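> Residue strings, one per chain:
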Amino acid sequence: MDYVYAFLIGGIVCAIGQVLLDATKLTGPRVLVIFVVSGVILQAFNLYQPLVDFAGSGATVPLPGFGYSLAKGAIEGASNGILGAITGALTSTAAGITAAIVFGYLVAVLFNPKSLR
Amino acid sequence: MSKSKGTPGKEVAKAYEKYAMTFTPKPRYFYNCVKAFIAGGLLCVIAMLIQNRIMASGWEEKDAAALLTIILICSAQLLTGLGWFDTIAKVVGAGVIVPITGFANSMVAPAIEYKKEGIVLGVGGKLFSLAGPVLVCGISSAALVGIIYWFMGGMR
Amino acid sequence: MKNKIGKQTFVFRNKPVITGECAVVGTKEGQGPLKEYFDTILEDDTYGENTWEKAESRMMENSIMTAIRKAGLEKKNIEVMLTGDLLNQLMSSSFSARDIGVPFIGLYGACSTMTLSMLMSSIIVDGEFAENVVCAASSHYCTAERQFRMPLEHGNQKPPSAQWTATASGAAVISKNPCKSNETLIPIPKEIFITHGTVGKIIDTGMKDSNQMGAAMVPAAVDTILNHFEDTGRTPDDYDIILTGDLGYIGKEIALDLFADAGLNMKKMHLCYDDCGTMLYYRESEDVHGGGSGCGCSASVFTGYLFKKMRAGIFNRALIVSTGAMLSTISPFQGESIPGIAHAIAIETS
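Protein chains in written order, with our numbering: chain E, 2 to 118; chain F, 624 to 779; chain H, 37 to 386.
Don't read these hints as lab results, they were simulated from the structure.
What you are looking at is a predicted structure, and each value in this text was computed from that prediction instead of being measured.
Hints may be right or wrong, so weigh each one.
DSSO-like mimics (lysine-lysine), calculated; alpha carbons at most 27 angstroms apart, straight line [to be verified]:
(1) E:K115 / H:K71
(2) F:K628 / H:K244
(3) H:K71 / F:K641
(4) E:K26 / F:K633
(5) H:K38 / F:K738
(6) F:K633 / H:K244
Computed from the model, here is a short list of chain E residues facing chain F with C-beta under 7 angstroms [what the hints assert, rightly or not]:
(7) L48
(8) P51
(9) I76
(10) A79
Don't be surprised by glycine CBs; every beta carbon is placed ideally from N, CA and C.
Pulled out of the complex, with its shape left as it was, chain E reads as follows (with noise of 0.2 angstroms):
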């Protein structure tokens, strides 16, 4: 049951971002950062956890879920003091943003862009 939940509101955020793409004239990076600043906002009031807690990948794996693991961590580290607060958000997402920028840099030195298909 989890992965038809999965499927459900991963499919659901995925059709928002495709009517915000087709109706508006929001580019796809606009898009992007609605996404993850609206996860923040959306996790600030603690109404994204039970989202994830319904649906697992569903709600982690769509940028919201990025955003969410931000304010996430923000959140957790606050409790800490200052530099937690300030710290925390880029500690939950290390691993990814760490990835994201080492391979993508690798995949891009070793790569030539392609013309048409």
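Place chains F and H on chain E using the hints.
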């Protein structure tokens, strides 16, 4: 904003845009949404399968989630390098753009393009030209949330 | 003014001649409906170079050199070259000019560059400042895309109105005297003369969507064409073919609608009016959304298709109107709308 002499007023611009839209074919909203829904849903299911597999081999849930993120990001970036990601995204749209794979793609895509401009300033600089806004806005807002929480915690 | 009629139109009384022309196009364009008209079709869009920019400037160089050869001339006969492209600081043009080594004037007219450079060349030749001038324009999908839009590998979906920047370059040699005609060819190819040039005004519709460039350029194109008719006293009936640059499928529909509003003879317009952006590709199978765009789009259709047809005597009088969207890479982010421009040239055969 002061209106320059050569540009039409807002009403005229609006009217022309509306007029031009009557000639423009609409995107197939429903069809595109269904494709994004199915692709996005499937991606999440696959992610869950991988995560469960990782957890089954003895990792904690938190570490498994981090590992999963790394796997998703690396595979999306590899697909971008091979030149397949844009082909997939053209078909399923938000189905792969909205998940973390879209973020990974938006890092590699400009970097790979500016390789000829050098691997320090070209690749290194352009790695963040599209993903930068996502990181900046996401991290700033999260830090703000953290500070507010700390402040409220201090008041209690 | 003895060489100007009406408000915007120049008359070329010495009738400069188009003596040579050449179109070089990319792989995708080489699979389109006009494939048999192009001189060179690239097998690979890099053209054997290691950057897209170098590929584009080599395309331009190749088209210029072939046009000169076809005119029966050599590089040393060319007194000035006027070329342009879409890149910042006219990279492809300047770098091809560096290799060719002919006195060079760079022009920027966005996608209107081909008629702009032909217009300027005609002024130079007609004013007897030079005998042989070469003009050219080029664009490359991969260079334009990363400068104006998104990186190639970025996963995104283009809206139906987005246009496809053509990988193409067109060049023409404009001379004072017709080249010695090759008597062995039967039938003898006709000479093409440039008779009028109408300089366009920038018209801004207030459109801000850079995926709607065709629609943003239409009013400029229609304005230039109507002014041309008014200045010269001609009507659509005087032309066998009227070609606009790169309005695309949507822009062409809007243009026809605006022509009807202006009271032109629509029966004739439907017969003789077409748009290069709609001619370069197969709409469905090549997946080009709104049609072709870019300097190379009109440049290759004029030099590849139209001039050859005219030499064969199929069209005798043509009005060619390249259209440009004069936006910069930063202006959309500053909330500016898209200024459109169009320049028209009337050409006819002997």
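> Hints first: check each against the structure and report whether it holds.
Each hint tested on the structure:
| no. | hint | result |
| --- | --- | --- |
| 1 | E:K115 / H:K71 | 23 angstroms, holds |
| 2 | F:K628 / H:K244 | 17 angstroms, holds |
| 3 | H:K71 / F:K641 | 36 angstroms, violated |
| 4 | E:K26 / F:K633 | 18 angstroms, holds |
| 5 | H:K38 / F:K738 | 54 angstroms, violated |
| 6 | F:K633 / H:K244 | 12 angstroms, holds |
| 7 | L48 | 12 angstroms, violated |
| 8 | P51 | 17 angstroms, violated |
| 9 | I76 | 5 angstroms, holds |
| 10 | A79 | 4 angstroms, holds |
Hints 3, 5, 7, 8 from the earlier list are contradicted by this structure; the remaining hints agree with it.
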